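Asks: Read off the chains here:
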Amino acid sequence: MDRVPRTIPPMEYVDQYRDPGRIQHLVAHIRKISRKPVKLMEVCGTHTVTIFRNGIRDLLPDHVSLISGPGCPVCVTPIDGVDRAIVLSQEKGVIIATFGDMLRVPGSETSLLEQRAEGADVRIVYSAYDALLMAQRDMSRHVVFLGVGFEATAPTIAAVIQRAREAQIDNFTVLSMHKVLPPALKALVHTPELEINGFICPGHVSTIIGTDAYVPIVRDFGVPCVVAGFEPLDVLQAIGLLVRQIERGEASVQIQYRRVVSPDGNPKARALMEDVFEPCDSIWRGLGLLPASGLKLTPDYGRFDAERRFDITPVDGREPSGCICGDILRGLKRPPDCTLFRTACTPESPVGACMVSSEGACAAYYKYST
Amino acid sequence: MRGKRDRITLDHGGGGRASRELIRSYFLPRFANPFLEKMDDSAVVDIPSGRLAMTTDCYVVDPIFFPGGDIGMLAVNGTVNDLSVQGAQPLFLSAAFILEEGFELADLERILVSMARASEEANVSIIAGDTKVVPKGKGDKIYINTTGVGLVQDGLDISGSNAKVLDKVILSGPIGDHGIAVLSQREGLAFDTDLRSDCAPLNHMVEEILAVTREIHAMRDPTRGGVAASLNEIAGQSKVGIVLMEGAIRVKDEVKSACEILGLDPLYVANEGKLIVFVPPEHASHVLTAVRQNHHGGDAQIIGEVVADHPGRVVMRTTVGGTRIVDMPLGEQLPRIC
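Residue numbers (this note's numbering), protein chains in the order written: chain A, 37 to 406; chain B, 365 to 702.
Honestly, the hints are just simulated from the structure, not real lab data. Warning: the hint list may mix true and false statements.
[Stated by the list, open to error] Simulated restraints, written as ranges between beta carbons of each label pair:
| id | chain 1 | residue 1 | chain 2 | residue 2 | range |
| --- | --- | --- | --- | --- | --- |
| 1 | A | T382 | B | Q657 | 38 to 46 Å |
| 2 | A | A203 | B | S383 | 15 to 23 Å |
| 3 | B | Q657 | A | Q126 | 41 to 49 Å |
[Unchecked claim] Every beta carbon over 10 Å from chain B, so not counted as near; a handful from chain A, in silico:
| id | residue |
| --- | --- |
| 4 | P97 |
| 5 | P268 |
| 6 | E384 |
The structure presented is a predicted model; accordingly, all values stated were derived computationally and were not measured. Glycine residues also receive a C-beta, built at the ideal position from the N, C-alpha and C atoms.
Just need the whole structure built from these sequences, with the hints factored in.
Replies: Shown next as structure tokens:
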């Protein structure tokens with residue numbers, strides 16, 4: 037099996053969510069109902085990109101501001117995680133298989149991209165399954181897949197690990213750096229200096245976890261939550277729903293992305309995730325150590341856990357000085373507030389992770405913002 | 365089982381009988397022309413007097429065969445196009461090959477046939493060449509370098525630093541076909557698509573444009589780095605701003621979908637047969653008609669214009685009514701994670 041055939045779906049379904057007429061209509065509606073100054077946080081990096089790529093900030097009234105949250109999995113992976121991956125890339129016979137975004141993320145001293153130039157075998161894949169096939173094709177090598185992502189990604193990786201066990205593949209492991217989003221949202225609303233009037237909640241993560249996780253935010257903190265899709269019309273509609281709740285003094289969980297998300301989420305995917313992974317404490321760049329916010333492999337799947345199969349002695353990872361990625365991920369500061377932004381820190385030579393990932397707030401500001 | 369004779373061996377690059385045999389039975393018949401057949405150390409040609417344009421490019425594409433083309437076709441068209449966008453009429457090419465030991469001769473033949481066909485379409489001759497063989501593992505199947513010379517007509521001043529405020533920007537068709545077609549064949553990324561590379565020579569299109577007006581300010585064929593890179597280069601060199609209308613930039617549905625899935629922006633994806641033309645507004649509609657009449661330019665559009673504001677920057681008015689910067693691409697676009 038050399039390739040995974042994938043058929044590309046048609047686009048018509050997406051085009052209607054980019055319709056300029058409907059968008060203008062919605063923008064006019066938001067302008068009409070919006071009175072109070074509000075700060076809305078888009079939690080997910082894909083939303084950040086939609087907002088910048090389409091110039092959505094230009095369309096909103098000045099008193100509606102959008103801030104980018106910690107929903108880019110690459111950005112919140114701590115420097116220690118990158119260092120571990122780099123240590124593994126030095127192991128004899130190891131192939132590191134990873135999503136492309138991780139390649140340029142700077143570790144304490146180097147990046148996977150630099151290590152590749154030095155001779156490490158680091159390959160980009162689009163799915164963990166491709167990494168498993170890679171392992172099956174060459175039994176003389178050991179493939180380590182870098183598991184990075186939230187609940188939208190973790191179930192697919194869990195499925196591949198199950199498959200590896202069924203097929204008794206012994207030269208495939210996962211370095212799990214997965215994270216779950218609810219603890220991060222909880223940490224955000226607990227940040228005293230943070231004033232967020234509404235959350236644009238991630239569509240794909242909610243597809244899996246449903247909307248239960250947002251209930252305490254609404255109930256205990258009175259901050260409205262709207263689960264949104266990723267097209268410009270989706271994001272604007274979510275903004276409209278949030279503004280309406282705020283203007284009326286309400287706070288509830290609403291789903292804008294109904295075509296995909298149900299309140300219960302996807303129990304089957306969660307079961308898959310729970311079979312392979314268990315919660316663990318995990319460090320988030322910018323937010324620090326959050327209890328039960330990461331996912332590690334259960335003992336049953338121990339032989340697919342790179343942490344157990346290899347003796348990884350991590351370097352003492354330290355965040356680069358001057359970098360305010362942490363404050364940016366918490367929505368306290370904006371990328372232009374950073375003295376390194378566009379000077380020492382650029383996509384060519386990123387200092388912090390928010391500049392590396394295409395979904396990072398700094399990269400989006402750098403790339404698209406006028 | 366294939367025998368030794370079916371593959372390139374180190375002997376083929378040794379300069380002895382095997383090298384000569386390879387050239388005689390593979391290269392000469394495909395590129396048949398009197399200059400090459402002399403087998404002298406240099407080709408000596410007569411050229412009309414005037415200004416010469418010269419360009420060189422190396423081709424290392426992986427995979428070497430992809431839907432709609434191959435490395436050979438690319439090596440001819442790429443160099444022809446680099447000459448063409450300077451307003452030069454391509455005359456001659458050289459072609460140098462670095463072959464990896466073990467490379468299949470059948471594949472070499474396929475590539476040479478394709479190069480011959482491409483040079484015929486572009487009406488250029490390959491009059492000089494070289495072949496080297498490197499040990500297995502020291503190269504990747506085949507690398508090709510082509511150098512081209514062309515004649516620049518008098519009275520033309522086409523340059524990336526010559527774009528002027530008010531110029532219209534014409535793009536000859538939908539973008540990203542080549543990059544996505546190649547990507548669709550890569551190990552680990554393979555997906556099914558009917559999409560084919562747009563690889564094509566642009567010299568005839570350029571001739572037709574120059575027949576309409578000689579007042580063309582700048583031209584580019586947006587290859588690696590896509591339309592975004594070419595426009596940023598011109599904005600920088602000419603110290604002008606460029607404003608694009610997102611709605612005017614055509615992207616085929618297959619390319620759009622693949623880009624959505626892979627997390628790429630079509631503006632940054634490679635093309636191999638597209639032309640960007642900067643032309644004063646009074647000539648824009650005639651040039652547009654000329655481009656559209658060429659069979660490689662049927663879907664041409666005016667995609668934007670040159671402004672005095674924000675020199676060096678390319679800005680796009682999005683279809684939803686916002687504005688964003690179209691920045692110079694980094695290196696390789698890295699696929700996103702989710």
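Asks: So which hints don't hold here, by number, going up?
Replies: 2, 3, 5, 6
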